[in-house]
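Since chain A is already given, all that's left is putting chain B on it; use the hints.
Chains as they are written, first to last, in my numbering: chain A, 13 to 433; chain B, 25 to 330.
I should point out that these hints are in silico values taken from the structure, not numbers from a laboratory.
The reader is advised that the hints may include incorrect statements.
Claimed, not checked - Below, simulated DMTMM-like cross-link-like pairs (lysine to aspartate or glutamate); rule was C-alpha separation at most 20 Å, straight line: (1) Lys-172/A with Glu-307/A; (2) Lys-432/A with Asp-100/B; (3) Lys-172/A with Asp-343/A; (4) Lys-432/A with Asp-269/B; (5) Lys-85/A with Glu-102/B; (6) Lys-191/A with Asp-269/B; (7) Lys-160/A with Glu-186/A; (8) Lys-185/A with Asp-163/A; (9) Lys-294/B with Asp-80/A.
This is what each chain is made of:
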Amino acid sequence: MRLKSDLILACAAMLMTTTGGVALADDAKPFAGQTISVLLPSPQDANMAADFEKATGIKLDLQTASWDDVSVKVSTALLAGTAPADVTEFDWSWTGQFSAADWYTPLNDTIDAATLEDIKGSTIFNVGGNVLAIPYTNDFRVMLVNKKHFDDAGVTAMPKTLDELVAAAKAIKEKGIVKYPVGLPLSATEGASTSWYLLTKAFGGDLFDKEMKPMFTAPDSAGYKAMAFEMMLLKEGLVDPASTGLKDSEINETMFAKGLTSIMISGEPGRLGQFNDPAQSVVGGQVQAIPVATESGKTRSFGLLEGLGIPRNAQNPDAAKEFIKWMTSKDFQIHNYSNGVLPTRTSALAELQKQGMLVSGEALVEQAPTVEALFPAGAPTWYPQFSLAVNTSINSAAKGEITVDQAVQRIADAVTEAMKQ
Amino acid sequence: MTLQTTGILPRLGHGVGKSADAVTAFLLVQPILVTMGGLVFYPLVDTAWDSLHRVNPMQPGTPFVGLANYTRMFSDREVGQAWLNTFRYVGICVLAETVFGVLAAALINQLRTGRRWVLAAIVLPWALPGVVSGVIWQWIFSPGPGLLNGLLVMLGFDYEGHLWFNDATSAMLGICTVHVWRMMPLTIVIVLAAMQTIPGELYEAARMDGASRLVMFRNITLPLIRGAIAVAMTNATVQAFNLFDEAIVLARNSVETRTILIQIYLEAFKKFNFSYGMALSLTVTFVSLAISLGYVLRIHRTTRLD
Numbered sequence: 013m014r015l016k017s018d019l020i021l022a023c024a025a026m027l028m029t030t031t032g033g034v035a036l037a038d039d040a041k042p043f044a045g046q047t048i049s050v051l052l053p054s055p056q057d058a059n060m061a062a063d064f065e066k067a068t069g070i071k072l073d074l075q076t077a078s079w080d081d082v083s084v085k086v087s088t089a090l091l092a093g094t095a096p097a098d099v100t101e102f103d104w105s106w107t108g109q110f111s112a113a114d115w116y117t118p119l120n121d122t123i124d125a126a127t128l129e130d131i132k133g134s135t136i137f138n139v140g141g142n143v144l145a146i147p148y149t150n151d152f153r154v155m156l157v158n159k160k161h162f163d164d165a166g167v168t169a170m171p172k173t174l175d176e177l178v179a180a181a182k183a184i185k186e187k188g189i190v191k192y193p194v195g196l197p198l199s200a201t202e203g204a205s206t207s208w209y210l211l212t213k214a215f216g217g218d219l220f221d222k223e224m225k226p227m228f229t230a231p232d233s234a235g236y237k238a239m240a241f242e243m244m245l246l247k248e249g250l251v252d253p254a255s256t257g258l259k260d261s262e263i264n265e266t267m268f269a270k271g272l273t274s275i276m277i278s279g280e281p282g283r284l285g286q287f288n289d290p291a292q293s294v295v296g297g298q299v300q301a302i303p304v305a306t307e308s309g310k311t312r313s314f315g316l317l318e319g320l321g322i323p324r325n326a327q328n329p330d331a332a333k334e335f336i337k338w339m340t341s342k343d344f345q346i347h348n349y350s351n352g353v354l355p356t357r358t359s360a361l362a363e364l365q366k367q368g369m370l371v372s373g374e375a376l377v378e379q380a381p382t383v384e385a386l387f388p389a390g391a392p393t394w395y396p397q398f399s400l401a402v403n404t405s406i407n408s409a410a411k412g413e414i415t416v417d418q419a420v421q422r423i424a425d426a427v428t429e430a431m432k433q
Numbered sequence: 025m026t027l028q029t030t031g032i033l034p035r036l037g038h039g040v041g042k043s044a045d046a047v048t049a050f051l052l053v054q055p056i057l058v059t060m061g062g063l064v065f066y067p068l069v070d071t072a073w074d075s076l077h078r079v080n081p082m083q084p085g086t087p088f089v090g091l092a093n094y095t096r097m098f099s100d101r102e103v104g105q106a107w108l109n110t111f112r113y114v115g116i117c118v119l120a121e122t123v124f125g126v127l128a129a130a131l132i133n134q135l136r137t138g139r140r141w142v143l144a145a146i147v148l149p150w151a152l153p154g155v156v157s158g159v160i161w162q163w164i165f166s167p168g169p170g171l172l173n174g175l176l177v178m179l180g181f182d183y184e185g186h187l188w189f190n191d192a193t194s195a196m197l198g199i200c201t202v203h204v205w206r207m208m209p210l211t212i213v214i215v216l217a218a219m220q221t222i223p224g225e226l227y228e229a230a231r232m233d234g235a236s237r238l239v240m241f242r243n244i245t246l247p248l249i250r251g252a253i254a255v256a257m258t259n260a261t262v263q264a265f266n267l268f269d270e271a272i273v274l275a276r277n278s279v280e281t282r283t284i285l286i287q288i289y290l291e292a293f294k295k296f297n298f299s300y301g302m303a304l305s306l307t308v309t310f311v312s313l314a315i316s317l318g319y320v321l322r323i324h325r326t327t328r329l330d
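Chain A on its own, in the form it takes in the complex (with noise of 0.2 Å):
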């Protein structure tokens, strides 16, 4: 029955891929014999530049690195007054900052009326009627679990509030099944800010007020209880002390898919397909998807977007929109599934609902209307100097330099100083 699906799953994409291919080589191909440089983070699929290639006659020199890698590489780029790329990955987080830098060129004759229907996180890219980028991986947040680990533990009940969480994971550890049951980053890079982040929604509160001014320095105020809850968990001996000097790619990478954690706190959704799959994970059909636990049981998630854009300097914009349209095409979305990418567009979600070929659709489907936008209104031009304070208290806190208190605080001056440039 298995074999039979997973035959059936094969040709499904090997289907896709091929029609998708053809459709696109019977059309003009108007920009053959050019080559585009494209900075994404990793991984990417393997076979992507041979398949763009194939179908628009453009050649892909196709530059991957960690987000936080890319990050850098962009902005370093962008400052000196030169392209990282012809298309590159343009998170939720850098809209404030890039816009006011009018680093990039509006893609509003890239994305047609459909497409922007389609894809409804696109508005997060849109500056006064500017698509800056066009959404092509559908990040919030989940929690992941390994259902094998929660068996042997004799835990039946997935969690639903962070007590039971706590509960599991300590009966995870207490069986000896792993030593630290809950992966979650704490060192000072972007991944331990958006645990944060995440665990502040599931104690039921915000970062920041309608005025912008932080909600987090009150021990009673859920970013607070947020971080202290994420000290509990360390002291508890629930989280790995080495997490304070990894990111969340190497916690999911070298951890969770080796099996040696049972719960990402601040889990992908895109991930699952890669965690479910042999030949990437050693944790191959053991993973799914839940939905945020919170402190009160009623779950809540944050959206993290990630889009692609074209920087003004670009050497090749027009066949650069030939990648953009590429890649965000519902036939792509749906193959690149497997490469822990989870489809921006509606109609490509429903597709793989369909075919049976989402893992955990279910939690997803569940968590998907509780996203919410981190800052509603955009994110602010000087998120950046936030995150880093976020990620540099935290790390600090976990390390034992400073406590909780100064931690919050650290970071509430941050963002006053930020707001005051």
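Same frame as chain A, now just chain B:
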């Protein structure tokens, strides 16, 4: 044409005597003047000018702000911490590189055979880029399969899974270790070259007078290699002020280990406070130069007195 009309060249056309020498000398220094002017002095002046303005790609215009970017440093807690860390790195690294470098050079100088091979092996870390050194040592310091913990456990110490970078002091010492490992070879080479110029007769005479090895080292070797030590210390100081790769690879942006150069990078490329980053860069340059100049002058004076 312009050279003559503007009077830059002293009496061109007289091809003999002092004038010809001056012309030749002037022409010979042109390449370095042009190179230094274009690649060092112009960017320096331009950076200094920009540091007096507000340069931020997210804000329109570049208004003149005077010394605001410089005065801001005094109230910036992160910058203060980064300076403190940097001075600690400079103190530890320069001291370690000088002491161990001089001792290592003295040992290598005693070798009768195979000196060149030992030297070649010692110089290897210096040839490695800082990032590569950082990655190598990241494996050594790694809490799980790391070499260092493995060795300590093998020797009977309780260092299973020890996290070297979860404590500010051991993290800083770890970063210093990597930096010293990488930069000490240069000190060894400079000092060894100086040691090899000391006439053997001086040691023979001292030996006949019954001087011990320690006395000879203190009274003959050290005074005669002071100039080389000054050069090595200057280099070590500048390199320690420029410490970046090892710290960012081993401890990322951690506040406890952040150097002033990492702070500049964060200000300029993460926060986009470009002109503030420039002001910080210039300050680092001048502090580094002032300290280096301080002990070069001191040792030069002592050497002259000797």
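Hey, Lys-85/A versus Glu-102/B, does the alpha-carbon distance stay inside 20 Å?
-> Roughly 23 Å separates the two Cα atoms, so the pair is violated.
Holds or violated: are the alpha carbons of Lys-160/A and Glu-186/A at most 20 Å from each other?
-> Holds: Lys-160/A and Glu-186/A sit about 15 Å apart, inside 20 Å.
Hey, Lys-432/A versus Asp-269/B, does the alpha-carbon distance stay inside 20 Å?
-> violated, 31 Å
Below or equal to 20 Å on CA atoms is what counts here, so check Lys-432/A against Asp-100/B.
-> It holds: about 13 Å lies between the C-alpha atoms, which stays within 20 Å.
For the pair supplied as a hint, Lys-172/A and Asp-343/A, is the alpha-carbon distance within the 20 Å limit?
-> violated, 35 Å
Straight-line alpha-carbon gap Lys-172/A to Glu-307/A, limit 20 Å | holds, 8 Å
Restraint check for Lys-185/A with Asp-163/A, where alpha carbons must lie at most 20 Å apart | holds, 13 Å
Within 20 Å, alpha carbon to alpha carbon, are Lys-191/A and Asp-269/B?
-> At roughly 33 Å apart (the allowed maximum being 20 Å), Asp-269/B and Lys-191/A break the hint.
Given the proposed pairing of Lys-294/B with Asp-80/A, does the C-alpha separation stay at or below 20 Å?
-> holds, 11 Å
Hints 3, 4, 5 and 6 from the earlier list are contradicted by this structure; the remaining hints agree with it.
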